[in-house]
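Number of protein chains: 2
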Amino acid sequence: MTQVETLQVDLTDRGYQILVGPNLICNAAQYLSPLISDKPAIIITDSNVSQHHLEKLTNSMKDGDIAYTVITLPAGEDQKSFKGLQNLISAILDKKPERNSTLIAFGGGVVGDLTGFLASIILRGIDFIQIPTTLLAQVDSSIGGKTGINTQHGKNLVGSFYQPRLVLSDTTALETLPRRELLAGYAEIVKYGLIGDKNFFEWLEQNGRPLVDGSQKLRKHAIIASCRAKAKIVSKDEKELGNRALLNFGHTFGHSLEAETGFSEKLLHGEAVSIGMVMAFDLSVQKGICSPKDAAQVRAHLASMGLPTRPTDVPNQTWCSDALLKHMAQDKKVHKGKMTFILTRGIGDTFITSEVDNTEVKALLAEAIAV
Amino acid sequence: MTQVETLQVDLTDRGYQILVGPNLICNAAQYLSPLISDKPAIIITDSNVSQHHLEKLTNSMKDGDIAYTVITLPAGEDQKSFKGLQNLISAILDKKPERNSTLIAFGGGVVGDLTGFLASIILRGIDFIQIPTTLLAQVDSSIGGKTGINTQHGKNLVGSFYQPRLVLSDTTALETLPRRELLAGYAEIVKYGLIGDKNFFEWLEQNGRPLVDGSQKLRKHAIIASCRAKAKIVSKDEKELGNRALLNFGHTFGHSLEAETGFSEKLLHGEAVSIGMVMAFDLSVQKGICSPKDAAQVRAHLASMGLPTRPTDVPNQTWCSDALLKHMAQDKKVHKGKMTFILTRGIGDTFITSEVDNTEVKALLAEAIAV
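In order, the protein sequence lines correspond to chains A and B.
If you read the first sequence in my numbering, its first letter stands for residue 1, the second for the next number, and so on.
If you read the second sequence in my numbering, its first letter stands for residue 1, the second for the next number, and so on.
Since the hints were made in silico from the structure, they are not lab data.
Keep in mind that a hint or two might mislead.
As the list claims (entries may be wrong) - Computed cross-link-like contacts, DSS-like style, restricted to lysine-lysine with a CA-CA straight-line distance of at most 30 angstroms: (1) 56(B) to 96(B); (2) 95(B) to 39(A); (3) 62(A) to 338(B); (4) 338(B) to 326(A); (5) 198(A) to 62(A); (6) 95(A) to 83(B); (7) 326(B) to 338(B); (8) 236(A) to 83(B); (9) 232(A) to 83(B).
This is chain A alone, in the form it adopts within the complex:
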């Protein structure tokens, strides 16, 4: 198993390991076994993931004599709702979990966010393990411990900080992932280069195409680099009192675009982040703190990969800058009524600021949505 790389996330009360490599699902039992009690593990998955990968996981658990039970959710973001939460809690309590029971989140971001939140509140907190099956979840949502559900007031306004006991990121699982979803995950990988690692961004400029086209080796390298970058930030600021907010680069703009498209298939989260990061560069250029050359370089790379870089790249969508601004003002990161922005002095040099006027944002939005 020399192909498996291990990364340690250090946290005061409970750190954990992230394992990245091929065929981790087929060999899951050996990693799960030391962490699971005699109570049957409860695997939470969705109908898509179940179809492609569940048998590999359950076969391994059978071989390893790990008792388990499975709850399969319908696929889709609407599971991350109050209704979805209540249904899943009921399904889990039907299985009579005890305090040493373990939940296994087996799927993408929706399954991971929902399962993590549930683990944090069932019996006032039980263990959970992440086995993310999308690129987006492997490089972002499965690590760092942010969990949550959506309400009519907005995304992830209800949730917790709750860390998994282990993350198993199987690069082989990505082979069944649609290209569009791979690209959406790739946008979050690019984010790590943009926020603090210019060399990594340049590596992505060289290797992004073969990575998305299928290279296991390049994918593993990029996932590890992404996890390492995120773990470093999270270890220092688990509850986002400071620099963890850098991980939201491109997300304030991105969330408002997603809100306008109803968090639908029309615009995937990673696609929204791709556009949002370019907008953050453009705003930084507009404020005279970043060179237009860097902004152009970022836009060129994302576009060359096939990612959208402007709101107008979204097909069949008309935009309204007032509506976008309103969504931005509802973001969790608002403080004293002022929005927090992650701006940049150039590739790899982002920073947090609330020194942005509404008029500047309006001007940027107007330009961004102009056809």
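Assemble the complex: chain A is given as a structure, and chain B must be docked to it using the hints.
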């Protein structure tokens, strides 16, 4: 303000103070002010408490220039439900809270448990302050950080460990409390004597009657002693991995009685605990580890105060030992299918054990419910 006593709860990441004394609600602003940001505090209360005490609190906040807003819930345990949670989350999000917003739980255990749980999950965790207005909440539920709601599967199966930033226990507020509720709270006070402080139990034997009858001084002494006992245990074992379970003395039996009476007015929580503690003594006597004299002494004191000490003391209720046993088996504290019991070697000498056979429990239940 020499009449106000302060107790520090030490916890690794965030300790807090419990203040106990008269007229704390009228003077709340001076204690709240250092902890509340410029965002309006959100006071969560219920219709009963609002009627008796809200104006005192809001007058103080006005005088102290602390901005606030109020959400008044219908009184009653059914607010501690999924439906209640969802409604309250929606009402709070309508007020656009930010991460530095503070919730104030102003009421009894229901308001405190629900508000604490909400504070732990809104925006992934915001501050909350407890201003408990019942004796039960002042000596038990407002301190220690256990929050939760009930589901159809049982009580408090969904919740979190989440500590308040401050607890203000106003002994004056108890003057409007019905005697039956005072007595129910008194049962939890007796619990602290029984689990680890024989001297305190003997003090209660001497002072219990005037305490319940209205002595501010005796009430303050008992509340402080109770909070000190609980804080000492919680500081060492916040997440109930060990000795914190001692605080559940009488609760496994008690919960099963409450479940059978539908958690209704028929049997208050403290009354159920009173009966449960006597049953735990009786079981300990039955196992030959506790003297019948101690059991009789405990029963005599609780009965002399006017508390029920046998299931058959509950009016208009028939009991079934199988049903009670079934409820006990669904308790959160079940481990490897074995129930955990808090038994006792005598007054002030309790311990945790799972070495109790179902046949012993059945025999005890049969005797307890025999008319």
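Consistency of the hints with the structure:
Taking the CA atoms of residue 56(B) and residue 96(B), the gap is near 26 angstroms; set against the 30 angstroms cutoff, the hint holds. For the hint pairing residue 95(B) with residue 39(A), the CA-to-CA distance comes to about 42 angstroms; that exceeds 30 angstroms, so the pair is violated. At most 30 angstroms may separate the alpha-carbon atoms for a hinted pair to count; residue 62(A) and residue 338(B) meet this at roughly 26 angstroms. Annotation: proposed proximity of residue 338(B) to residue 326(A) is violated, straight-line Cα distance about 54 angstroms (limit 30 angstroms).
This hinted pair does not check out: residue 198(A) and residue 62(A) have alpha carbons roughly 45 angstroms apart, beyond 30 angstroms. A threshold of 30 angstroms between alpha carbons decides the hint, and for residue 95(A) with residue 83(B) the separation of about 22 angstroms falls inside it, so the pair holds. Between the alpha carbons of residue 326(B) and residue 338(B) the distance comes to roughly 12 angstroms, so the proposed pair stays at or under 30 angstroms and holds. For the proposed pair residue 236(A) and residue 83(B), the alpha carbon gap of about 37 angstroms is over 30 angstroms, so the pair is violated.
Pair hint residue 232(A) plus residue 83(B) does not hold up; C-alpha atoms about 39 angstroms apart against a cutoff of 30 angstroms.
Comparing the model with each numbered hint stated earlier shows that hints 2, 4, 5, 8 and 9 do not hold.
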